[in-house]
Amino acid sequence: MISRLRPRQATAVLSALTLVAALALSGCTGSSATPSGGKITLGFSAWPGWFPWQVAEEQGLFAKNGVNVELKYFDNYTDSINALASGAIDSNSETLNDTLSSVSGGAKLSIVLVNDNSTGNDKIIARDGITSVADLKGKKVAVEQGAVDHYLLLLALQEAHLTEKDIQLVPLPTDAAAAAFAGGQVDAVAAFAPFTSKALERQGSRAISTSAEFPGAIPDHLVFSQKFVKDRPKDIQGIVNTWFETLTWIKNNKDKAVSIMAKRGGVSEADYKSYDAGTTIFTRQQNLDAFTPGVTPAHLDYSANKIIDFITNTGLAKQRPSLDGLFDDQFVKASPQ
Amino acid sequence: MTLELRGVAKDYTVRDRKIRALDGVDLEVSRGDFVCVVGASGSGKSTLLGLVAGLMAPTEGEIVLDGVPVTGPGPDRGLVFQSGALYPWRTVERNVSFGLELLPIDAAERKRRVDWYLAETGLDAVRKSLPKQLSGGQQQRVAIARALACEPEVLLLDEPFGALDVQTKEDMQVLIRQVWADTGTTVLMVTHDVEEAVFLGARVVVLASDPGRIAADVVVDLPADRGLGVKREPAFLALRAEIEDLVREQHRGHVNRVAAVE
Amino acid sequence: MTGPTRGTTRGTAADELAAAELEAEQRLAEAHEAGRVATTRPGWAPLPRRAGLKPSLSPLLSLRTPISSRARWTLGVLSFLIPLTAWTVLSLTGSVDATFLPPPGAVLKAVVDMATTGELFDDAWATIQRILEGFGLAILVSVPLGILMGTFDAGQAFLEPVIALLRYLPAVALIPLLMIWLGVDEGPKIAILFVGTVFFNTLMTADVVRNVPRSLIDVSYTLGARRGEVVRKIVIPHALPGMIDAVRVNVAAAWNLVVASELLAATAGLGYRIIRSQRFLQTDKIFAVLVVIGLVGLVIDVLLRILRSRVGKWTA
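Protein chains in written order, with the numbering used here: chain V, 1 to 337; chain S, 1001 to 1262; chain R, 2001 to 2316.
Careful: at least some of the hints might be erroneous.
To be verified - Capping the alpha-carbon separation at 27 Å, the derived lysine-lysine pairs in DSS-like fashion look like this:
no., chain 1, residue 1, chain 2, residue 2
1, V, K318, R, K2109
2, V, K333, V, K39
3, V, K108, R, K2109
4, S, K1132, R, K2233
5, R, K2313, S, K1111
6, S, K1111, R, K2109
7, V, K333, V, K165
8, S, K1111, S, K1128
9, V, K72, V, K306
I should point out that these hints are in silico values taken from the structure, not numbers from a laboratory.
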């Protein structure tokens, strides 16, 4: 996986810079307007809660629901976040905290669907000899800086009354971080499945903290730009409908689905099955509950506010993002029962 | 001091053809001699000097200096190229002092010697200049002073004034005769200019062409303290004519041979 | 005058001028013809003639003609002023989203902000430090190797084939391997800079050394120098300005590589700062860092030029 990654990392910088230059020259504003009825780009990266999109594509479920969707798989999760924020793709699969960080930087985004909640598949894995988060003090911890597991790491550190300054942060993309940990070059890593499997290959390693200990902290979403929601609601509806249909298909064709998703994730089917408990796919009802305002982590607005406090305090966001137009439940509401 | 070349021959390989540049050269140079070697193209004059300098080895025969065979270059045989080959990053005085810097003598001694040679070659005024600031004639003076400072047994000059204009060349000719008189150095000089060879040399050696061998060894019977005016005197002109005829004969032969090959 | 006229007096005057010039050329050609009888071979047709070069061509358009220093300065200033003006105009008219092309003022503010918090100096120093270590190491290795290759034919025969192969390895492609070998700290970053510059610098140094004139080396032997002395006192001083030129070229390559090297496991640096800024769409900061990168690179270049002219005072 590393070999797939490096040239992309290099081109990530170059593409960021040429993107700025090219768009400046072409005089584009914000997200480029997609021709109506044309294809829609849907970005996603390695996460058990997002692999169902792969199933949807391979089973032709997008077309069945009348939408022309082009899936864009990203080896690097942060690349996908940046691509949505700059308008290079129409939609992306992101966690709530990462979407809020993008919004704090000026992106105007809208969450239309909750794929799942992370209930254990985001882990902090440490080597033999480190038994708790408190033991991370002074140690080298590899993590993708600014993204979901950096957030999880800070949550866990806070619980142990530590801050980022108490550890030695080694910023690396998640797959490189997992490989660096497996190779013995760092003491701990914060990563998500499927890269957790790689990390756990290291003898004597174990997870010392996971997202299961922070319920509702890491929900995973399908996110569009607000402009796209305004311009092409019918297409978004089709995509949301496709999602639920896909979930049904997966339930009825478990083995075949696992085969497709394990392949996309680059892990064995046995490994993939082990991710079941750590990613809790949301039902339609759970979606409706999430979008409803409330005072528990089951409700997105509650979680969002807690996250906003956290990310502004820890520097993951530069200023408090506004929640205006962020949660849009019209599509889930209108999807078939 | 005696420099002897005994049966010296030198072959070159040019495009798979072996060319014999020198063949059976026997030459003897004694202390205090000023020997000029002239020859047409193809006579291997520069090869001869390169062999004596020790920059190449003879294919046959040997070169012996005071009974010791020459096996490589050294300060006992000082060399002056036509191009001067001065060290461009060093000033005039530091060029001249180069050879002395390699020897275990102290700075004061070195300075004394450098000063003397600078004065002898008329370079006092430009001692702090860089070579690129000097004229062609001045550069050659530096080259001569530099070689002389090492007190060589024999001073080898390879067409040293070939690139200079006529007036500067004559100045240099006067200079080298003066230096020779003042230092008593033995000089072996190669030149294509017969007039120069007759003016400077106590002996003129004519090299034949293809391959080079000694065609003539002429003693120059002219006064030792001659000035430039001697170039117009009958004795000079006669000697010059004689040697020029020899050289032209060699040259014509060489041209014909080259045409025949092609 | 046939053909459409633009109806302006200026157009007519230009036509008249053109006609007058044509006439003058023809008269010149005829005069030449008369004099040519003497030089042309009997029975041969006269050669067609070309008109000579127009003498009134401006120095700006003539080949290899120096221009006044005022013209030189003006052109130099314009090369910065024109893009800067275009940039300002684009931003002011709002034809481009500020996120994608921040106005020059915002970029300047970002530079000042980063300087005030000290972030700029921390980042710049981190990056410069990597260059000093990585490229410095490359110089330590490549200069002796280059001298070896340029002085000894055997050295060249031995080293050139493998270097010619290795220099085509893109340093960035070696990152995964370097991380496995050297860990996640400064090691791989310095190694990238080293690998990316050492081979080119060796070859360029070898070239410069090889171009020391043979006559200088030969004459040195006749002055009593031994091989080691020739290398130390003749070859190296002669090659020094050329070696500085090679360093100047390769430090630019190192500067380019250092940003790539900061993509992974960096916590400070100019390249690192660009990546972080990308995350929050802080393009004004990205531009600011780019400006700083460019300026620092320029300063390095100027310093090396000054060194080169000091050391190479003696070159023609």
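Structure-based check of each hint:
1. V:K318 to R:K2109: 17 Å, holds
2. V:K333 to V:K39: 24 Å, holds
3. V:K108 to R:K2109: Given that 27 Å is the threshold and the Cα spacing comes to 24 Å, the pair holds.
4. S:K1132 to R:K2233: 19 Å, holds
5. R:K2313 to S:K1111: Roughly 25 Å separates the two Cα atoms, so the pair holds.
6. S:K1111 to R:K2109: 63 Å, violated
7. V:K333 to V:K165: 44 Å, violated
8. S:K1111 to S:K1128: Distance ~13 Å between K1111 (chain S) and K1128 (chain S) Cα, so the pair holds.
9. V:K72 to V:K306: 31 Å, violated
Hint compliance for this structure: hints 6, 7 and 9 are broken, all remaining hints hold.
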